[in-house]
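Number of protein chains: 2
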Amino acid sequence: MSDWLEARLFRAAGNLIDGWAWLSGEASAAVIGKAVGSTRNRPHPWSSFSDYTCWQGLTDRSYLARHLPPVDVPVQPDPERVRALFARPDGEAQISRKSTCLFPAFAQYLTDGFLRTVPGQVDRTTSNHEIDLCTLYGRTPAQTRALRLKSEEAGRRGLLKSRMDGAEEFPPFLYATGTKALSDPEFAILDAPLVDEALPQAQLDTLFAIGGDRANSTPFTAMMNTLFLREHNRIARHLQTLHPDWNDERVFQVARNIVIVLFIKIVVEHYINHITPMPFSLRADPSVAWHAEWNRPNWMTVEFSLLYRWHALMPDAIAWPTGDIPLRGFIANNAPLLAVGLDAAFSAAASQPAAKLGARNTAAALLHIEDRAVLQARTNRLAPYNAYRVAFGMEPARDFSEISSNPQIAATLQDLYGDPDHVEFYPGLMAEDRVKDSPLPGLLLRMVAVDAFSQALTNPLLSEHVWNEATFTPWGFDLIKRTSKLGDVLARNVPHRGPTPVEMTQADWRYGDPDGPVA
Amino acid sequence: MSDWLEARLFRAAGNLIDGWAWLSGEASAAVIGKAVGSTRNRPHPWSSFSDYTCWQGLTDRSYLARHLPPVDVPVQPDPERVRALFARPDGEAQISRKSTCLFPAFAQYLTDGFLRTVPGQVDRTTSNHEIDLCTLYGRTPAQTRALRLKSEEAGRRGLLKSRMDGAEEFPPFLYATGTKALSDPEFAILDAPLVDEALPQAQLDTLFAIGGDRANSTPFTAMMNTLFLREHNRIARHLQTLHPDWNDERVFQVARNIVIVLFIKIVVEHYINHITPMPFSLRADPSVAWHAEWNRPNWMTVEFSLLYRWHALMPDAIAWPTGDIPLRGFIANNAPLLAVGLDAAFSAAASQPAAKLGARNTAAALLHIEDRAVLQARTNRLAPYNAYRVAFGMEPARDFSEISSNPQIAATLQDLYGDPDHVEFYPGLMAEDRVKDSPLPGLLLRMVAVDAFSQALTNPLLSEHVWNEATFTPWGFDLIKRTSKLGDVLARNVPHRGPTPVEMTQADWRYGDPDGPVA
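If you read the sequences in order, they're chains R and G. Going by the UniProt record's numbering, the residue at position 298 of the first sequence is 298; the numbering climbs one at a time, nothing skipped. Going by the UniProt record's numbering, the residue at position 44 of the second sequence is 44; the numbering climbs one at a time, nothing skipped.
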């Protein structure tokens, strides 16, 4: 069979499975079970609390769990030298043929929700270990209260605080304009924005009052948060018309039930489907987890916290309707979002390609963050790259060419580490060849799949006796079923939807097509 | 077949199963699976946070989960009238033919570890929702630090603070003798002892500095805590000889791993085996839970917190080597324990019968606590008794005689509630006939089995990748395997073990023997 024919048949089978709901469900369950089954399930015996198993290590979730116990790796090259593996040669970005910038935009917003290493204390986390949209709702009940409007007035029940800018609804500003004073004294309980250096007042004036310390990171993360804020308030307003007897508290809580699950649906059915190399769509069928052996309490790991540093996905500059923005101007600055509005911001993200994830492709402006990743792995004493290949059911690399087919990357690894067994976790992960039809390298793809499925589908809102109309209302349950993609939510929440499809996958991408674009 | 012959065969089968380890394991798994499978598994959709399902209700474990949603029961008799159901007629206790007082002693110490309703706020709990011996080790890491000796000196690593009284080791006193000042400033972080009224100085002088607010409740609970304190320090001292290179922290943590699991083994193999009406012994085989569908995160329920109020088990006075002690003198007073020492205290508990659990059998001194239980159910808006029978797979009672075969109890229920469907949860639970060969009534036995098995065997120390010699050391793992009963631990920790067997079951008890004593 020719490659061309095989690719066509492969695609046809995917379409068939997609169209046949029952088979799609069975196939999803099989894929998810196989992915999660590639390694040991939770509870993990170790955490960053101690080098051995103990009660506090097994229960104190302000530490991070670990897939493998700590070791001292024998070769630790200077991070400045490791930069040779990450830096774009001649500053030239390799551009992805599959992903748009909506992919890194969503990845960052998603992972900032549950992967939050404490700065300067990389063995600790502020994570709730759940996909709970704490970026929108706050990390604690006290933060949630500060972000809520709290009104028993009809039409204003159950809302999050917001600010109208013409027809555009945004989160409130964190600071009173032109000052460093909070715009609302209740915001004192919020986590301060995480920034590397003091910001000029003009940038401070654009920051939003939101649930996380990181959702102001870029206009992309702020745009995601704005989208779900609008969706929350839209849903709350509709619930009030359906249930005029409900008080502020109940409208808020039920709207939150719905929005968190809409978000998880998008995680699986939009985001993960973009990541997988499979030509059929996985479905967020909660029942897959109800009787699964891997359904155990979530606990983010040191490895998961580190492997999600996908800075290479960012191009050197972001194309924006107001003109290209260099990366440095895109950090902790919501001015670009405010200038063009939500639909134009999503359209900008979806209409430009992301860069490829992998070695020799990190923008110069972000190289210092790669240094931190290398050091974070050492502080947490992560086992070498090959140990993780074995732990996740792969053969260890016996030669540098088994990590990367690119001779320059293999030579850099050889130069840095000398022996494939000495390659460190993070550099090895990023140096690997990307999997055909996926934006991710092989071990990274496998590790993401394990932690994503085994921690998204265990959400209590998806559990067997909660996943029903009583929890979400019949209207909300139907809305959940009808929502799969970011574009579904955007269309409900902007005055005018533009022509750009809101997709993480580029329009001309074809799975398995040898004539088409490749990752 | 005659009842006599059937009983003999039943007993013989039990002995056979006990002697045949493989069958015993299979039978244990079947019994546990059947028990837990009688009702819906976790996560529960409801908690005491709200009347409907919501994110904070599903995640904030300072509230209690619920098996059934809240309702307003139609008939709420004055608690003073409900006392007719609980009070001992003519003050005469019905004495158990199966249980010794070691049974209520252990039950109280065990449940104070994870069922801790906040006084005056009965929808809230301070529980960690695990069997973690927090009574011994403290409820928080800061409390644990206050209770530890913290010494790097050889021979003193990994110990809990203690005080020698001749050859007897006890927890330190909480207060400096004759004062209300703490004996150690670090004890300020401990939870204050939970007492109904101010105690005389002589009693304050006897209270121990311990992990919980309730382990000073009676000399029985203090004796349990003393036993496990001695076992911890004994194990820590031995670990130091095996691992002279371990520091204070590691010796402490590994000793704690071992002691928590010794405790859980005793919960299943001593305590639960006393409760079950089955003639064969259940084994604490952790693998039963590894692949079980009911293995979901623990969360104590409002119902579980209430059904464990077993005050009827207490006789009117406690026989003690120094003379009978009326119940009022047995509360928040460790003087009787200090006077006779640990072995004599255990012997006293094990050599006197408990009272029967059930209606018309609460000591006068404890009747006011039954009032609180009735009110606690109403504050938490528990569904009526019959709703719980249905939720746990039983037929609803259609007649008062289906609750109790005792005409006086049935008549009292009729007088209080008029209709079997109106009987409240707590009175109904306690009014039922006891199950043949068990100290517990039927619905109570079933509800205890569900929550006990599904929350004890999910302990992270028993989980698939933790339950091994690396966690406990080979010596500790062997010690765990060799320990099944309180007497095993006591024999290792007293200067002189007396002749009284340390048993919860009376020596002349025979299962299913119609000629023998009955519960």
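Just so you know, the hints here were simulated from the structure itself, not pulled from any lab data. Glycine included, C-beta positions come from ideal geometry on N, C-alpha and C. It cannot be assumed that every hint is accurate.
Restraint ranges, calculated between C-beta atoms of paired labels, are given here [as the list claims (entries may be wrong)]:
| id | chain 1 | residue 1 | chain 2 | residue 2 | range |
| --- | --- | --- | --- | --- | --- |
| 1 | G | D72 | R | A335 | 50 to 58 angstroms |
| 2 | R | L242 | G | P69 | 14 to 22 angstroms |
| 3 | R | P70 | G | D165 | 38 to 46 angstroms |
| 4 | R | S62 | G | L242 | 51 to 59 angstroms |
Over the 10 angstroms line for every Cβ pair with chain G, so calculated as not near, a few chain R residues [stated by the list, open to error]:
| id | residue |
| --- | --- |
| 5 | H44 |
| 6 | G57 |
| 7 | V71 |
| 8 | D72 |
| 9 | S162 |
| 10 | E169 |
| 11 | P200 |
| 12 | R250 |
| 13 | E293 |
| 14 | P297 |
| 15 | R381 |
| 16 | G442 |
| 17 | P460 |
| 18 | H465 |
| 19 | A470 |
Cross-check of the supplied hints:
1. G:D72 with R:A335: 50 to 58 angstroms: The hint (50 to 58 angstroms, Cβ to Cβ) holds, given that D72 (chain G) and A335 (chain R) are roughly 54 angstroms apart.
2. R:L242 with G:P69: 14 to 22 angstroms: At roughly 21 angstroms between Cβ atoms, P69 (chain G) and L242 (chain R) fall inside 14 to 22 angstroms, so the hint holds.
3. R:P70 with G:D165: 38 to 46 angstroms: Given range 38 to 46 angstroms: holds, Cβ gap about 43 angstroms.
4. R:S62 with G:L242: 51 to 59 angstroms: violated, 31 angstroms
5. H44: About 7 angstroms separates H44 (chain R) from the closest Cβ of chain G, which leaves it inside 10 angstroms; violated.
6. G57: The claim is violated: G57 (chain R) sits with its nearest Cβ about 8 angstroms from chain G, within 10 angstroms.
7. V71: holds, 15 angstroms
8. D72: holds, 17 angstroms
9. S162: Consistent with the label, S162 (chain R) stays out of reach of chain G, its closest Cβ about 20 angstroms off (over 10 angstroms).
10. E169: For E169 (chain R), whose nearest Cβ neighbour in chain G is about 22 angstroms away, the distance exceeds 10 angstroms, so it holds.
11. P200: holds, 37 angstroms
12. R250: Its Cβ does come within 10 angstroms of chain G, the nearest being 7 angstroms, so this is violated.
13. E293: violated, 5 angstroms
14. P297: At roughly 5 angstroms from the nearest Cβ of chain G, P297 (chain R) sits no farther out than 10 angstroms, so the non-interface label is violated.
15. R381: holds, 16 angstroms
16. G442: holds, 24 angstroms
17. P460: violated, 4 angstroms
18. H465: violated, 5 angstroms
19. A470: violated, 7 angstroms
Of the numbered hints listed earlier, those contradicted by the structure are 4, 5, 6, 12, 13, 14, 17, 18 and 19.
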